[in-house]
Every structure is written in structure tokens, then in C-alpha cells.
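**Student:** Start from chain A and add chains B and C according to the hints.
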Amino acid sequence: MNPWNYVALAYGAFALLLCWDFLAPRLALKKSVRAVALRLLRRKPL
Amino acid sequence: MNKVILWFNQTGSPARFDAFAARWSRPSFILAFILLAVGIYGALFSVPADYKQGESFRILYIHVPAAWMSLMIFVIMALQSAIALVWRIKICELIAMASAPVGAMFTAVTLISGAVWGKPTWGTWWTWDPRLTSELVLLFLYLGVMGLYSAIDDRRAAARAAGFLAIIGTVNVPIVHFAVTWWNTLHQGETIRLIGPSKMDGSMLWPLLTLVVATKLWYIGSVLARARVLNLQQESQKQWAIERYGDTP
Amino acid sequence: MRNSRALLQRDLSLMWQKRSDAIQPMLFALMVCVMFPLAQGSEPVRLAQSAGAVIWVAHLLASLLVLDNLYRSDLEDGSLEQLLLAPVPLPMVIASKVAVHWLTTALPVLLITPLLAQLLFLPEGLLPVLMLSLAIGSLLMSLIGAVVAALTLGIRRSGMILALMALPMYVPVLVFGAGSVYSAGQGLPWLGAIWLMCAGLALLLVLAPWAAATALRIALN
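Going down the list, the sequences are from chains A, B and C.
Taking this note's numbering as reference, the numbering of the first sequence is continuous, increasing by one, and the terminal residue is 46.
Taking this note's numbering as reference, the numbering of the second sequence is continuous, increasing by one, and the terminal residue is 249.
Taking this note's numbering as reference, the numbering of the third sequence is continuous, increasing by one, and the terminal residue is 221.
Okay, chain A solo, but in the shape it has when bound (with noise of 0.2 Å):
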């Protein structure tokens, strides 16, 4: 295997992490707001 499939790996692999580390928060955040909300609809008789 020639070495830049082994540099493509590992910068392959570098940049997946990152992603799941960025977008793993955000989504938890959104999560978090939208259970906020809600719970605040669910106080508020309609």
C-alpha cells in the first residue's frame, strides 16, 4: 500500500472524530432547548 492511503487514513480518521465531536454537542443542545420548551407548553394550559 503506498503511503498516502496510509496518510488519507489517518487524516481520514482525525477529521471523523472531529465531526462526531462537533455535531454530538449541537444536536444534544437542541435536544436540550426543545425539552425546555415543551416542558414549558406543557405548564401552560392551552
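These are calculated hints, taken from the structure and not from any lab test.
There may be inaccurate statements among the hints.
Think about it this way: if two alpha-carbon atoms lie no more than 25 Å apart in a straight line, the pair counts; the simulated DMTMM-like pairs of lysine to aspartate or glutamate are [stated by the list, open to error]:
| no. | chain 1 | residue 1 | chain 2 | residue 2 |
| --- | --- | --- | --- | --- |
| 1 | B | K119 | B | E55 |
| 2 | A | K31 | B | D18 |
| 3 | C | K18 | C | E76 |
| 4 | A | K31 | B | D154 |
| 5 | A | K31 | B | D247 |
| 6 | A | K30 | B | E55 |
| 7 | A | K44 | B | E235 |
| 8 | C | K18 | C | D68 |
**Tutor:** Coordinates of chains B and C only, in the frame set by chain A:
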């Protein structure tokens, strides 16, 4: 009152922290991203191939910053936990617990990039020498902190218990760092020093320094984002949270 | 001093009531050692090569499995909380608990180690090194385990989590302990590893009860 102390005090309150994290997380990420792009471009295209190792040595530019981050984050996590245990500051608990996944991620990058670098260069994906083994143990410690934090129901007690585990686990950090000096290992010795001259030539050094700064900025952005989530999860019943986020669609 | 004797006596008599439980870690270690010839074939040469390591791992696993017992019975009947409030220093309480725990769980396994060594065809000259490293190592594992067990006390069904937390902490003990047996087998100097473990023991004899006390307070408050 001293302005710095006042600022620390105020930012420690959940509502203020939420605003602070919201404000500064994205710029950190943007700056980190720019520096990552510059550094990676330099690592892949500007820097000449190594005399002995050829192209595969370019993996060093990911491996070393990630390794330094994996150690630095563990120390920060332990420090924050110690402050949280002594002074019972909730934000410190949150920052400590938010740091764990980021640190685990960088440790994983270190191990994976190291393995991928090892195969073409030294003929093996893995070896059980002290540095690699202790870095693997570091990953287990991060996962242990994360696991313990999620296993206890009371969030504050969970943070304190997991934080204590992080403090005990810090003993592994000097082992990882000094492993190359204490034992004869496959892993190479110190090339780059914080104080004093480094053994790497300047023309090859700049992408490394760029990526070192980039990863630090990434950590700041990530820990602020994650701590903000943890904060919001625990404060979801409070007045300020409802006022700020209550009427989002 | 009277207090520490009283604590020791209490823990010893509690353990004595359940003395048949001491057989369990013995049998477990024995069975783990039996698994290996069953799994990898019973050629004496092959078994002898990894005998020291297998016996060390058997000790380690047995130690992990009994960790839960350290505080569990006192937690369940409420006496742990009483001990937290007692005028006796908590580290001393924990030290006596760990001492009794080691006597009833690690010592039995240590006593059948010669038998295990025979079963796995351990080269004869290695048995003293094995026993010495295990004697110190099992103490280290009990002390480290005391701290980790205290942290996971609040969790129901904490068996697996406890093992996962304790294993990374056990790694240095295993590396040096089993490593000394391996070095001795190769004809290399092995005493250095033993000295390092002794140094660790001296440190942990003082620090571990204190750390475990802090962990207990964190877990129970």
C-alpha cells in the same frame, strides 16, 4: 472588587455561563477550523517528505498535537474536578465532565494515527511498549470517567465521583510522558521541547505549531459547547432557562 | 488504639461468621486456571510458558469479583453511615476493613497458588518470585480496589462498572508483578520490579485509606 475576580464569579453562575458559552464557542471553532486548514495544508503539501520515513511521516502532524491534547485535557479535567470537590463550584464540575469526551476523542486520534503511522514505518500496527500501553490506559480512564458520570443518577454527586476518579487517574499522565525516558521503547524519544531548542527543523516545524494551537482552540470551543448542554440539562426548570429558551419552536 | 482493635475485631467476627465464603475466591482462581489448558491444549511446555501470567490474571479477576463485598453488607444494614458519623477516623475504619477483606479473599488464593503452579507446570524456580509478587500485588489490588469500590457504592448493580473502573488502575500492578515473574523466567533481574511494588505499597498503605474515605463521603453524600 477586582474586575477579574468579579468576572470569574459572575461567569460561574449558570445563566451567565450559558451566555458566555453561547457567545464564545462558535468563534473558537471558526478560528480552530482556519488554523486546522492552514496547518493541514502545510503538513500535506508544503513540507518536504522526510529523508528516512518518506510521506508517511506527515501523520506526525496529527499524532503529536492529539497526543499533547490527550494529556493536557486530562490534567485540566483533574484540576477542575479538584476545584469542584474543594469549593463545590458547579461550573467546574460541568467543565470537568464536558472535557472527558473531548479528551477521549483526542486519545483515540492519537492511538489510531499512531497505529496507521506505525504500519508503513516500523512494520507493525501496534506494540505493547510502555508509551502505547499507558496511552491506551489513558483512554480507558477517560471512558471510565464518562461511564461513572453517566451511571449515577444525581448529577452533582455523579460529577464529584467521576471527578475523583479523574484525580486518581492523573497518576497515569506522567507515566505516559516519561515512558520514553524511563524505558527503552519502540516509540521515539523527545524531539520537540517546550523550553530550549527542538531537534526538528523550522521549515518542518510550523505546521506542527499551527496544529497545536488549532487543537487547543478546538478544545475550548468543544468544551464550552458541551458544558453549555450539561448546564442547560441541569437547569431546565429554572426561570432563566425558561425565559431564554421557553418560546423556541 | 482501643478503637482500632474494636473495629478489627468486629470485621473479623463478621467475616468469621461467613468463613465458608473464603472458599469461593479460591475455587474461582482454580477454575480460571483450569480454563487455560482446556482452551489452549494441555502440552506442558506451552502451559509453562504462560503459567505465571495466567495465575496472576486469575488472582486479579478473583480480586475484582470480590470487591463489591468490601462495603456492601455494611451499606445494606446501615452501619456504614453510622461509621461515617463515628468519632473514629474513617481512614482507620477502612484500613481495618481492607485488612480483613484481604485476609479472607486474597490470602486463600495465595495459599493455593502452589497448587495452581503445579497444575500449569510453572517452572520450579519461579514459584518463590510468583508468591512474593502476588503477596505484594494482592495487597496493592485490595487497597486500590477499596478506593474504586467506594466511588461506585451508590450505583445499583455496580459489578461491571466497578470492574471497568478498577482494571485500568490495576494495570501497573499487573505489569510489574507479572513482569517480575516473566523476567525471572528469562533469567533477567527481577528484584527491581518487586522493589517498585513495595514502594507503591508503602505509599498506598497511607494514601489509599484516606482516598477511600474521601470517596466514601463523596458517594454517600
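**Student:** Determine for every hint whether it applies to the structure shown.
**Tutor:** Now for the hints, and whether the structure bears them out:
1. K119(B) / E55(B): Cα-Cα ~13 Å, so holds.
2. K31(A) / D18(B): Distance of about 16 Å is within 25 Å: holds.
3. K18(C) / E76(C): holds (16 Å)
4. K31(A) / D154(B): With a Cα-Cα distance of about 20 Å, the restraint between K31(A) and D154(B) holds, given a limit of 25 Å.
5. K31(A) / D247(B): holds (14 Å)
6. K30(A) / E55(B): Since the Cα atoms of K30(A) and E55(B) sit roughly 42 Å apart, the hinted pair is violated (cutoff 25 Å).
7. K44(A) / E235(B): holds (19 Å)
8. K18(C) / D68(C): holds (15 Å)
In this structure, the one hint that does not hold is number 6.
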